[in-house]
Amino acid sequence: MSTRDTELPAAPTKSFEWGPFLRTNGGLVALAVILIFNILVTPNFLQMQTLFVNISQVATIAIVAMGMTLVIATGGIDLSVGAIMALSGALAPLIFLSEFGQAYPALGITAAILVPLIAAMACGLFNGILVANLKVQPIIATLILFISGRGIAQVLTNGNLQTFSNPSFSYLGTGKVLGLPFQGWLALGIACVLFLVMTRTTFGRYVLAIGGNERAAELSGGPVKRVKIGVYMICGVLSGLAGLIVVAINSASDAARNGNLMELDAIAAAVVGGALLQGGRAPIFGAIIGAVIIQLVKYTLLANGVEDEVALIAKAIIILAAVYVQQARKE
Amino acid sequence: MATLLNMSGIDKAFAGVSALSGASLDIAPGEVHALIGQNGAGKSTLIKILTGVYRRDGGTVQFNGADSVISSPRGAQEAGIATIYQELNLVPLRSVTENVMMGYEPKRFGVLINWKEAHRRTREILTQFGIDIDVRAPLGSFSTAIQQLVAIARAVSLDARLVIMDEPTSSLDASEVSVLFGVVKSLRDAGVSVLYVSHFLDELFEICDRVTTMRDGRTVDCRDIAGTTKLDLIAGMLGRDPDDIEQAGMTEFGASSADVDKGAVLLKAEGVSTGPRLTGFDMVLHRGEIIGLGGLLGAGRTEAARAIFGVDRLVQGQIDVNGFGAAPDTPAAAISAGFGYLTEDRKAEGIIPDMSVRENLTLALLPKLTKNGQIDRAREREVVAHYIKALGIKTANMEQPIRELSGGNQQKVLLARWLAIDPDVLILDEPTRGVDVGAKREIQAIIRDSVAKGVGVLLISSEFEEIVEGADKIIVLNEGRIITELTNPGITEDTLVRALAQTEGQAA
Chain Y
1 MSTRDTELPA APTKSFEWGP FLRTNGGLVA LAVILIFNIL VTPNFLQMQT
51 LFVNISQVAT IAIVAMGMTL VIATGGIDLS VGAIMALSGA LAPLIFLSEF
101 GQAYPALGIT AAILVPLIAA MACGLFNGIL VANLKVQPII ATLILFISGR
151 GIAQVLTNGN LQTFSNPSFS YLGTGKVLGL PFQGWLALGI ACVLFLVMTR
201 TTFGRYVLAI GGNERAAELS GGPVKRVKIG VYMICGVLSG LAGLIVVAIN
251 SASDAARNGN LMELDAIAAA VVGGALLQGG RAPIFGAIIG AVIIQLVKYT
301 LLANGVEDEV ALIAKAIIIL AAVYVQQARK E
Chain D
1 MATLLNMSGI DKAFAGVSAL SGASLDIAPG EVHALIGQNG AGKSTLIKIL
51 TGVYRRDGGT VQFNGADSVI SSPRGAQEAG IATIYQELNL VPLRSVTENV
101 MMGYEPKRFG VLINWKEAHR RTREILTQFG IDIDVRAPLG SFSTAIQQLV
151 AIARAVSLDA RLVIMDEPTS SLDASEVSVL FGVVKSLRDA GVSVLYVSHF
201 LDELFEICDR VTTMRDGRTV DCRDIAGTTK LDLIAGMLGR DPDDIEQAGM
251 TEFGASSADV DKGAVLLKAE GVSTGPRLTG FDMVLHRGEI IGLGGLLGAG
301 RTEAARAIFG VDRLVQGQID VNGFGAAPDT PAAAISAGFG YLTEDRKAEG
351 IIPDMSVREN LTLALLPKLT KNGQIDRARE REVVAHYIKA LGIKTANMEQ
401 PIRELSGGNQ QKVLLARWLA IDPDVLILDE PTRGVDVGAK REIQAIIRDS
451 VAKGVGVLLI SSEFEEIVEG ADKIIVLNEG RIITELTNPG ITEDTLVRAL
501 AQTEGQAA
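The listed protein sequences derive, respectively, from chains Y and D. Here our numbering is used: the first residue of the first sequence is 1, the next is one more, and so on. Here our numbering is used: the first residue of the second sequence is 1, the next is one more, and so on.
Don't read these hints as lab results, they were simulated from the structure. Even for Gly, the Cβ is constructed at its ideal location relative to N, Cα and C. Possibly wrong hints are sitting among the right ones.
Said to hold, decoys possible - Heads up, simulated DSS-like pairs for lysine-lysine below, C-alpha to C-alpha not over 30 Å straight-line:
no.: 1; chain 1: D; residue 1: Lys48; chain 2: D; residue 2: Lys230
no.: 2; chain 1: Y; residue 1: Lys225; chain 2: D; residue 2: Lys48
no.: 3; chain 1: Y; residue 1: Lys225; chain 2: D; residue 2: Lys368
no.: 4; chain 1: Y; residue 1: Lys225; chain 2: D; residue 2: Lys230
no.: 5; chain 1: Y; residue 1: Lys135; chain 2: D; residue 2: Lys230
Claimed, not checked - Between beta-carbon pairs, the in silico distance windows are:
no.: 6; chain 1: Y; residue 1: Val33; chain 2: D; residue 2: Gly140; range: 46 to 52 Å
no.: 7; chain 1: D; residue 1: Arg403; chain 2: Y; residue 2: Phe37; range: 54 to 60 Å
no.: 8; chain 1: Y; residue 1: Lys176; chain 2: D; residue 2: Ser72; range: 57 to 63 Å
no.: 9; chain 1: Y; residue 1: Asn133; chain 2: D; residue 2: Lys107; range: 55 to 61 Å
no.: 10; chain 1: Y; residue 1: Leu320; chain 2: D; residue 2: Thr330; range: 51 to 57 Å
no.: 11; chain 1: D; residue 1: Glu78; chain 2: Y; residue 2: Val193; range: 53 to 59 Å
no.: 12; chain 1: D; residue 1: Arg403; chain 2: Y; residue 2: Pro43; range: 48 to 54 Å
no.: 13; chain 1: D; residue 1: Lys394; chain 2: Y; residue 2: Pro43; range: 56 to 62 Å
no.: 14; chain 1: Y; residue 1: Leu320; chain 2: D; residue 2: Arg403; range: 26 to 32 Å
no.: 15; chain 1: Y; residue 1: Ile36; chain 2: D; residue 2: Arg403; range: 44 to 50 Å
no.: 16; chain 1: Y; residue 1: Ala32; chain 2: D; residue 2: Gly140; range: 46 to 52 Å
Just chain D, with the same shape it has in the complex (with noise of 0.2 Å):
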């Protein structure tokens, strides 16, 4: 087969620590191939030194039959690699033609912007991938979705010949996945490559053609997505055996506290409003219970989380907390009430990056940690030392920054920040979304061991698996109301999807 990129022997140590050794990619021309690994297992790296961001420090890149030279993003553009980032480097307040045509706008008499060539030039791309909007309007007032399939079409639009997507549909809903998957077939049958980075597996099996397999810095495996599991796929990122995954189930929920007795009950909600996403919400949580919102995304789980925190100002309805009567009102006070509430958007609403560790962990304490407004450092850093061991959180020390660890450990300090305060009700919002597998698994076995603490929780998750095998009951969400519960044992992912094919079918 022929290739078009060719990475072998690749090295490359951040300050004497080895990031990647050895590791290699090889991609065919027109094939959409997956580039999968744990959080720290080097992905990110590898395609920020075929990109041009970083030097390595050794190996060879040959892209199109060449060596390649590439320095700079910029120099990667123009060779023909565009990259789409995660957070959509875009200028949301600018019109879709700006955006689209932006550093190579079509000029009259050399200096002067011709608009009308430049939106019909946009219109004409677009059209190309089933697209039809306003090109005059600003980017920011099109979905997600649209935002990052403008920016793919300016990818192409540059004569791309290779095309990274990293974590493309993590914020996406399943029609505006279904639009993109759509856009990366017609990508390949125009003979450009895909590579696809992502941590939904079950993705790669829909549009991917090989799947390259990354473990601490190696390339450990490359092959025909046809013919391979998921089992496999998981295994392979963990380096463990297949057959021991299987016994011990897909996530660490697993025979969960079905026999636990519920205890008293935390917090009732009942007719709770906050707007025209989420109206009438009802809801009972008692003690060591799971409690799983399902719905498709925008369905109103966020904001029922939102509106039980105290974050969103309820408009109708009420919140009884523990038998005080009276919902918080804003989060400090859903704190003291004990509620702890890991938001969806790690680093937007969760981390402080360049805090450390430590600082990040005891945040939500604070106020516990404080002695006349001065805070208790040994008790601080007993605190910080008893989570990172509990939670096996991989950090060098307690004062390292956060934003310097792996996306799974910055959320195990995140799940450390509530699990310190000592919560009643714990709302996890996603708790394991852009968390690699062996994270994953970590993170699902600390919410089942506070549970099983008496810890009432409130679990959004857009994995069915997840939210199946962990909850004792789902409350199906859409479009701010609920349509229906279920109750385990007894859901299985089946139902759940039936259960939301439905409320898609009420709302058409």
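Same shape as in the complex, but just chain Y (with noise of 0.2 Å):
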């Protein structure tokens, strides 16, 4: 409730306010904080093979977690993803391994992209079916392939770690483009192409009115299933395409361990990134933001010796911090 008469005495100036700032930039703030503390304390920080080793390995965490964000960004919330991400993981090498992937290789090498990455999308499709259409609540959903997709992944492949040497392959994990890992190029390329589907088309508009106002979304004649199985299609495709990265980083696929608590890193780098978990923002860049800020306090913790354990703790501290200049801001 406020008058908006232009006569009203001038507000007085005041001095910066650091509250409202820190509030709208804080993942930048504390992305510069970290920057800062290692150029200072971590040895050999200002070194390209630093950069190399986060880029590789925040890739996959940027890539679930923009998937993630848009799931959110509905009012849902996607568990399933590292379970996808082992069960994409998987097919790949069982494919360009096979006879067929061995006669005919670049035939191979595409199937083995294309149908884990179909795979993960039926995934998607599976999850928002039962979220948009049998209106289960989003987190059970979710769970059921949270469960069952790592379990099918080590079924398929006995429960054997798959070693392959595959150069092709490979490239999705350790390519290089301008002197800097592939998968951080792809990373920033899907995330160009979703700023302008979340920006620019009746999707991504959609998207946000449904997390903003499911009801009213509806009535305003917005295809709500359509587009709730269409966030969780995204980020099943998503998830797969980190589970085929992580593998190819690996030269072995590991069901038991590929995207093992991926589902709480993106979590955390989409809430960290500025998503309100009870929707109607989705901001990718800040999952970008997000995702970088828990792989550098991850690698800033274990490249001054700090134990791994402590490293978990550390994220459960930023997740709070995030969570708690979100609440301010709602005043």
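Quick one: dock chain against chain with the hints and give me the complex.
Right, here's the structure in full:
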């Protein structure tokens, strides 16, 4: 409730207010703090090698976190991303190591990338139908694949570690473009596409409308079910892609570990990046910043000889801080 | 006269924009005091300062003879100020007792809740208000009116000296309102003061002692309600001369489209039923016609609107649209058939609070603004700019989040959402509810203009003058069935009330 008269006395000029600034730019500030800390403390931080390692590791988190951001923007959540990574990662070597794949290498590689992505998309479709058509709570709906997806992947591979040597497939995880990891560029490209989708297309507008007020979106003619299914499918495909990248980096597929705990990293990155869990906001580049923050914290602690378990606690503190800032933003 | 509350010279600004300047409020012990003003006049801000939600920039607040040190809603409650909000802040799934006693449960051994005692006390409190219900049942199983009374009972049980009611009757029907008024009167008799905020001016004459009028963040008037007319109050809120308003009529519909000849049939409903709340509904809507749906709350008016718009599935009957034959079975289908539906509940079914005015306004138009999945943003801005200007929507710019707008301006944005699709049929459910007097007249004028352009309107309104002056024909509903039809010219508030009274008689 405010009047907007122009003749009212002007506001007294105040000194710079830190509170609101931190609330809107918290992510960037945190990133800057971590970078400065590293430059001062961590040995050999300002080296090409450090950048390289971090980019190649952060790309998968960022890719999944962007899909998660879309799902969260509709007011949902997707717990199955890690399991989908394992599934798609298990499928790829099965295909290019098969007789068909060996006989026709080019076709084999293409199929080894496309088939897992299609399978991942089907997983997303399954999640989407449960949530949109059958009205299952997203956390329960995606719990189904969270539990069974990794199981399926392990059954497919008999629980074995699949190792391989396939340079063209490994390009996904080890290739370089302009001296930087291929998957980094891939993540950036996806971010640009999704950003345009969210800001320029009807689909993007409906995603935000559904998260903001689903009843209103539906009564205004929004295709609520199709859009919801759509975001879960996008999230599925991006998870599948991340699964392939992890396999490509390692030249090995381990269905038990691929994407393990990724759902937590992805949710954390989305939230740190500014996504609201009740929906209605989809900061795509925020998700990338969130992923970078989480990756850098992990790296900082490891590089300074802090144990892995402590890194987990640090991650929890970051999430806590991000949620706190969000609450403050809501008044 | 002794005073319970004295606020004077209150100033408050948000981000440099003044919301209150020198506002004042004076309430005596045991009086029912009305606070009125247009949306944006500063009523809510003043109340929030009183209850510690906001901090004042200047001025003094004295409560109960001492300087008030209230700095939080909890503090206000402890000081004896209870607020009954428009949206009840109770827990529907928990029992009535739990809701009434929440935070003040009687304890055994200091930790365990003494349920027997809690139920007994709750029953005792509710009986004082003439409410006799099962206190163990979940609160949500009772009507809104009962829930509201429970909220009031809770407030009073906490020894409130002042009860603030914000639009308490907006979701009550006539009989529930009279129960509420009974409670308000018994509060007054018990020496409790009530600050009563409402857009329904008629109510004020029934229960209030004095009325304070606010306009543009200032208190412009405070007087005894006896000897005041409704016209005086409206004039005070608008800052206009009473005589001008009298000449222009109470609504903007006056001298409506009586001489416009009715065009083609737009919509024909025959024997439409969607369940017990709507059975055997018939209607024919022509171009350039306004059909009013009359009836009390729960009579089936909103259900009729939902059936036509494809929200509720028909179990019987058919709806002919423009000769298409088939009824739309989803809102999306209804929209592409040229229907618009302004819902009754602006907050729950209308606005998307965090989205901008622009995005809210073009939501229904999106399919038409899209080429290959891409929104034509230049055209979008054009449309939005057009409607902001045409409807006089007060917004800083089209990117302002809609939640920051006043109720009347939010409603105008939603109206524009439907006008933008260039509809044939507009279903308007309480288009001016919770909207201040000025915006109300503007909205009525907008409706009149689009009818003149050939739109057929289905108008649902609890404000009799609106429906009586606006509609060409009124279909009166009761308990989901059509009772009678009235045709203009010739309808007066009196005939409508009599028709409704008859339905009450028949139902009994």
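Evaluated hints:
1. D:Lys48 <-> D:Lys230: 27 Å, holds
2. Y:Lys225 <-> D:Lys48: Violated - the C-alpha atoms of D:Lys48 and Y:Lys225 are around 40 Å apart, more than 30 Å.
3. Y:Lys225 <-> D:Lys368: Within the cut-off at roughly 20 Å; holds.
4. Y:Lys225 <-> D:Lys230: 49 Å, violated
5. Y:Lys135 <-> D:Lys230: Given that 30 Å is the threshold and the Cα spacing comes to 49 Å, the pair is violated.
6. Y:Val33 <-> D:Gly140: 46 to 52 Å: This hint holds: roughly 47 Å between Cβ atoms.
7. D:Arg403 <-> Y:Phe37: 54 to 60 Å: 38 Å, violated
8. Y:Lys176 <-> D:Ser72: 57 to 63 Å: Roughly 58 Å apart at Cβ, these two residues keep to the hinted range, so it holds.
9. Y:Asn133 <-> D:Lys107: 55 to 61 Å: About 48 Å separates the Cβ atoms of Y:Asn133 and D:Lys107, which means 55 to 61 Å is violated.
10. Y:Leu320 <-> D:Thr330: 51 to 57 Å: 42 Å, violated
11. D:Glu78 <-> Y:Val193: 53 to 59 Å: Holds, since D:Glu78 and Y:Val193 (Cβ atoms, about 55 Å apart) stay within the stated range.
12. D:Arg403 <-> Y:Pro43: 48 to 54 Å: Holds - the Cβ-Cβ distance for D:Arg403 and Y:Pro43, about 50 Å, lies within 48 to 54 Å.
13. D:Lys394 <-> Y:Pro43: 56 to 62 Å: Cβ of D:Lys394 to Cβ of Y:Pro43: about 59 Å, so the range 56 to 62 Å holds.
14. Y:Leu320 <-> D:Arg403: 26 to 32 Å: 27 Å, holds
15. Y:Ile36 <-> D:Arg403: 44 to 50 Å: Violated, at about 37 Å.
16. Y:Ala32 <-> D:Gly140: 46 to 52 Å: Given about 49 Å between the Cβ atoms, the range holds.
Checked against the numbered hints above, the structure violates hints 2, 4, 5, 7, 9, 10 and 15; every other hint is satisfied.
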